[in-house]
Amino acid sequence: MKIAQIGIVAPMSTADPRTRMSFAAFEAEVAKINDLLCGANLLIWDLRTMMPPPLPRNVAAGRPLCRLA
Numbered sequence: 016m017k018i019a020q021i022g023i024v025a026p027m028s029t030a031d032p033r034t035r036m037s038f039a040a041f042e043a044e045v046a047k048i049n050d051l052l053c054g055a056n057l058l059i060w061d062l063r064t065m066m067p068p069p070l071p072r073n074v075a076a077g078r079p080l081c082r083l084a
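For our numbering, add 15 to where a residue sits in the sequence shown, where the first one is 1.
Please keep in mind that the hints were generated in silico from the structure rather than gathered at the bench. A few of these clues could be false.
Okay, the calculated beta carbon distance ranges per label pair [claimed, not checked]:
{"#": "1", "residue 1": "Ile59", "residue 2": "Ser37", "range": "31 to 39 Å"}
{"#": "2", "residue 1": "Leu70", "residue 2": "Phe41", "range": "46 to 54 Å"}
{"#": "3", "residue 1": "Arg72", "residue 2": "Ser37", "range": "27 to 35 Å"}
{"#": "4", "residue 1": "Phe41", "residue 2": "Leu62", "range": "29 to 37 Å"}
{"#": "5", "residue 1": "Trp60", "residue 2": "Arg35", "range": "49 to 57 Å"}
{"#": "6", "residue 1": "Met66", "residue 2": "Met36", "range": "26 to 34 Å"}
Small disclaimer: the values here were computed from a predicted structure and weren't measured. We put the CB at the ideal spot given by N, CA and C, even for glycine.
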């Protein structure tokens, strides 16, 4: 899949070939893509991680997250 197909970058046919992106603008676009990839990786990790269900006493006390020790 080309990046232009998902709407991140304008297709080459409509972009002016004489226009150049500044390095700061390029870094900003790469940072956006990196943020999306980091979010996707976090969601994939969350799907793969099988956490045990919380103990009933912790749920009743309003402490769904407790120390493992």
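How does the Cβ-Cβ distance of Trp60 and Arg35 compare with 49 to 57 Å: does it lie in that range?
violated (37 Å)
Given a hinted range of 46 to 54 Å, is it respected by the beta-carbon distance of Leu70 and Phe41?
holds (50 Å)
Does 26 to 34 Å hold as the CB distance between Met66 and Met36, or does it fail?
violated (43 Å)
Taking the Cβ atom of Arg72 and the Cβ atom of Ser37, is their distance within the range 27 to 35 Å?
violated (57 Å)
Using the C-beta atoms of Phe41 and Leu62, is the stated range 29 to 37 Å upheld?
For Leu62 against Phe41, whose Cβ atoms are near 32 Å apart, the range 29 to 37 Å holds.
Could you see if the CB distance from Ile59 to Ser37 stays within 31 to 39 Å?
Check passed, 33 Å falls within 31 to 39 Å.
When held up to the earlier numbered hints, the structure conflicts with 3, 5 and 6 and fits the remainder.
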